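For this one, chain A is given, so just place chain B on it according to the hints.
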Amino acid sequence: MKPPVFEYHAPTHIDEVLELVAQHGDEAKPLAGGQSLVPAMNFRLARPSVLIDLNGIDGLGAIALEGDELRIGAMTRQRAVERSDLVGEVTPLLSETLPFVAHPQIRNRGTVGGSLAHADPAAELPAVALALGARFFVRSQRGTRVVEADAFFDGLFSTAMEDDELLENVAFPVLADGQVTAFSEISRRHGDYALVGVAVSLSVDSSGCCERARIGLLSVGDGPVLAVRAAEVLAGEVPSDELIRSAAARAGHDDIDPPGDIHASVDYRRHLTEVLVRRTLAAAFARASNGGSA
Amino acid sequence: MSTRQFGRPLRRLEDEKLLKGKAAFIDDIEPAGTLHVAFVRSSFAHGRINAIDVAEAREYPGVKMVLTAADLGDYWQPGPVLVPPPPVEGAVFHARTQVPLARDKVRHVGEPVALVVAESRYVAEDARDEIFADIEPLDPVADLGRALDPEAPLVHDDLESNLAAHVRQTKGDYSAARAEADVVIARNMRYDHGIAASMENRGVLADWDAQGEKLTIWDTTQAPIPIRNGLAGMLGLSESQVRVIAPFIGGGFGPKIMMFYPEEVLIPWLSMRLGRPVKWIEDRAENFFATTHEREQLHEAEIAVTRDGKILGVKDTFFHDTGAYDPYGLTVPINSQCTLLGCYDVPSYDSEFRAVFTNKPIVTPYRGAGRQHGVFVMERLLDLAARELGMDPVEIRRRNLLQPADFPHNHGLIYQDFTELTYDSGNYPEVLERTVEAIGYRQFREVEQPRLRAEGRHVGMAIVTYVEGTGIGPYEGARVTVEASGQVSVATGVGTQGQGHFTSFAQVVAEQVGVEPDQVRVSTGDTAEMHWGTGTFASRGAVVAGNAIHAAALEVRRKILDLAAEELEADRDDLELQGGMVGVKGAPDSAIPLGDLAVRANPLRGAVAPGTEPGLESTTYFGPPGGTTANGAHAMVVEVDPETYAVEIKRYLVVHDCGTVINPLILQGQIQGGVAQGIGNCFFEELVFDDQAQLLSASFMDYLLPTATDVPPIECDHIETPSPLNPLGVKGAGEAGAIPSGPLFAAAVEDALGDPSLELLEIPLSPNRLFEVSRTRDDGGGA
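Chains as they are written, first to last, in my numbering: chain A, 462 to 755; chain B, 1275 to 2057.
One chain only, chain A, in its complex shape (with noise of 0.2 Å):
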């Protein structure tokens, strides 16, 4: 478990970096925290030729409000973001995703960056990048543009970006009034990938009407699952068990074409995400009628 022969660069600027990023394509990586690459590479089963560290890159790991949204950068660790009272008050999904993220020593190092990057499935930040509607900063070299979540992911492992491309930071809508997020999992240990997640973000009006919704699923297919055609049962309707329990069907049977795997088969993949659903709206419901608090 030694991984091959890599040449190692370690710059101080961001210039610096996309240029080697463009002067190098996709035999580089960047190595932003480690915890999903540096196993792989120990593993053999990534192989990359030049690794970039971003360790040494200032300003990247801002957490920082900008008008109606939370910027983030790349770099910040996924700890710095769970601990953060700013984080809490204006994008409290975040907050409540990210104990599920892993663990502790690894959320230390982990950054928020590396893992929408990363675009693994099983992630958590992702599908809560794709409830909330987050926006993705993209920088190299040819310059910087701005991808929208829904556009961002891009199957198994992968993204939007180009080879030459960078993510530097990410924005998170603040918090609207009448907004209510909620997050749940199932894994078999704690900290563990998680079977079915869900991350849901609902737009309740002032008489109780569902007037958006955007629910954000991890392990359920490619990468992160948005269940449109769950979100379009609640849109426009008031909430009832009925009405959560017809979107959870939708979406454990028509939004997802789950894998099966040795810890969840498909059957048992569709039928966690129809509970976890329906479980997980009544919650966020529940927090709309209390008037927005957990």
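Just so you know, these hints were derived from the structure itself, not from any lab.
Remember, predicted model here, so these are calculated numbers, not experimental data.
By construction, the Cβ of each residue, glycine as well, lies at the ideal position given by its N, Cα and C atoms.
Warning: the hint list may mix true and false statements.
Okay, the calculated beta carbon distance ranges per label pair [as the list claims (entries may be wrong)]: (1) Gln1966(B) / Ala612(A): 33 to 41 Å; (2) Asn516(A) / Asp1302(B): 26 to 34 Å; (3) Ala612(A) / Pro1987(B): 47 to 55 Å; (4) Phe618(A) / Ala1982(B): 25 to 33 Å; (5) Glu1669(B) / Val699(A): 50 to 58 Å.
List time: in silico SDA-like cross-link candidates among lysine to any residue, alpha-carbon distance up to 25 Å [what the hints assert, rightly or not]: (6) Lys463(A) / Glu1474(B); (7) Lys463(A) / Met1473(B); (8) Lys463(A) / Asp1301(B); (9) Lys463(A) / Arg1332(B); (10) Lys490(A) / Tyr1396(B); (11) Lys463(A) / Gly1524(B); (12) Lys1924(B) / Arg1727(B).
Listed below are several chain A residues computed to face chain B (Cβ distance under 10 Å; list not exhaustive) [claimed, not checked]: (13) Met462; (14) Lys463; (15) Pro465; (16) Glu468; (17) Pro500; (18) His651; (19) Leu656; (20) Ile723; (21) His732; (22) Leu733; (23) Val736; (24) Leu737; (25) Arg748.
Just chain B, lined up with the frame of chain A:
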């Protein structure tokens, strides 16, 4: 004795060293110039080796040597049969043992076919990537249930079938019992056990001193002395030229008693060939294939009972997966066969097993060593019989327990140590009743469970019992010495892998010699300190080595008293040993420090009486007449989410009897560790193979060990029924915690779900599997 050391809940003396990182584990040891080895392992479960191209790897910078089987010459030999088949009439046993490097065929994934020796492990692994092993895949034997089909491929081409062994043992007349029975319950069951997953993997370091013609080997083995003896023979050295050291080891649990692993045979040979220290440390990815497993058995079992729940007989026929080779003989299936009868009076028994070769890693004992499988079958049969009879599951057990007056109880079967399976002592009713009381069984059944169910919660409880055959022979030895410094040293040949030997053995000595345990230096696992013995396995350290140490300590005590009586001109009976001194009772000024006495016992001038042995030292051996049988009952409360099948263990309680207790704190640790592994076995861990016998759960991402958050606090109670088979009255406790969790878990989950048609007849039971079983039953099929 003024201070009792024996029986004290003394904190472990070795823990400071361990917790401060001062203990030397094998990879902490690295002589100058050490070379490192990486193995090329088969990626196929079954295949014919056409060619192995090592040319490029040999040229790789930093590589010292690359070898395949062809390069080993006469040193290439299959390993020994460690445990011959038991002397059961009509027993069939085909021995096929592992080889250092596969030569013609590969028989399981991970079997080594070549090796690279290089200046570092990094270089060795890089060079390994340059080796091309041309292996033509063959159909593998992946399914235990079909391995004996006539059309099954052969794991060993020279055998007529994949049958490794066939053993039938009977007592009484089961057919007559069956004919007489009011109820017969017959079911098929599957019990799968997993890997030990020790925190420390295996490792071997060898250092050949060409000038001194001595070979030193550090090995993570549970049996350093047999390793030394075997390697000396293989390498053409005398036993005194070879020193094997088993240093601090991060967990053994059985797989490290297996001998001789290919790496154990090859690393010392490489050091002699290359004239440099050579090291191999198993990494976690290798451990899943290169270290032995325990695995599945398929049972077809039935129990015949009367209307009032009395057992008339049990019949069991099972297949046992022994993997690609069977160097460890039949220990595991014999344990299953002999442990099945449990705490019960079973008048007739007809048990037959077939051990079968498959294209999977080798099966040898892992904590429990087949006992789990047998206990699962018996306890599940009893639960089903109780259900059929409308009887409480505790009641059916109560009615069949052996009573205190029944001991010794000879089952008339041959056990793993080739003696007749005879329970020496016990108080089974007391253990069961204490368990029933402590878990609050009646209160739960009558009050709590109905209340919880009314709240929509699915909470269940179960109680099971089991025995553990422990402390088998042949023998162990110990040398106890009072040194001139006053320190007492004790050396024994067993290895230690976390059992607390540095403390419990010190207590045994301190009790007799009158010193504090921290004044006793314990040496285990170094052939230079003690070179007779067998090893640490079968829950025998405390029983066999413990009694050898006790005997040696008694002899040293006798020598101390004899010499002190002479020196003090006092009557032996008037002397006392206390605080490292020996003196006349009531006359503290007379006391002589033991160190001074040791000097007087080893004079430099003058004459001694004929027959006098120098020093205050004794080397003594102990061999028990047969194994001693511990027993216990476990109780569990679980809550099941009936939608997700997530299971939470809310309570786990153990009442245990392993005879006289040396150190209750260490015993508690043994029980808790065992329970954690038992919980892992029933709910979390699973060796999943595909139809090509590829292991799909070959990392800790997929092979789920229970963590601290998954194991509940374990409530523990003990009774002490001394064993009559050894002077200390002790029984082994190493495996007890891990043995009965399977049937306990299955019964508790069934009870929680509360559906009388649900039968859980297999282990492990993941949430996914519980979902499938429930679905199948909903569809009207059987589970």
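The hints, checked one at a time:
no., hint, result
1, Gln1966(B) / Ala612(A): 33 to 41 Å, "39 Å, holds"
2, Asn516(A) / Asp1302(B): 26 to 34 Å, "29 Å, holds"
3, Ala612(A) / Pro1987(B): 47 to 55 Å, "50 Å, holds"
4, Phe618(A) / Ala1982(B): 25 to 33 Å, "31 Å, holds"
5, Glu1669(B) / Val699(A): 50 to 58 Å, "54 Å, holds"
6, Lys463(A) / Glu1474(B), "17 Å, holds"
7, Lys463(A) / Met1473(B), "19 Å, holds"
8, Lys463(A) / Asp1301(B), "16 Å, holds"
9, Lys463(A) / Arg1332(B), "19 Å, holds"
10, Lys490(A) / Tyr1396(B), "20 Å, holds"
11, Lys463(A) / Gly1524(B), "22 Å, holds"
12, Lys1924(B) / Arg1727(B), "16 Å, holds"
13, Met462, "4 Å, holds"
14, Lys463, "5 Å, holds"
15, Pro465, "6 Å, holds"
16, Glu468, "14 Å, violated"
17, Pro500, "9 Å, holds"
18, His651, "5 Å, holds"
19, Leu656, "8 Å, holds"
20, Ile723, "5 Å, holds"
21, His732, "7 Å, holds"
22, Leu733, "6 Å, holds"
23, Val736, "5 Å, holds"
24, Leu737, "8 Å, holds"
25, Arg748, "21 Å, violated"
The structure fails to meet hints 16, 25 from the earlier list, while all remaining hints are met.
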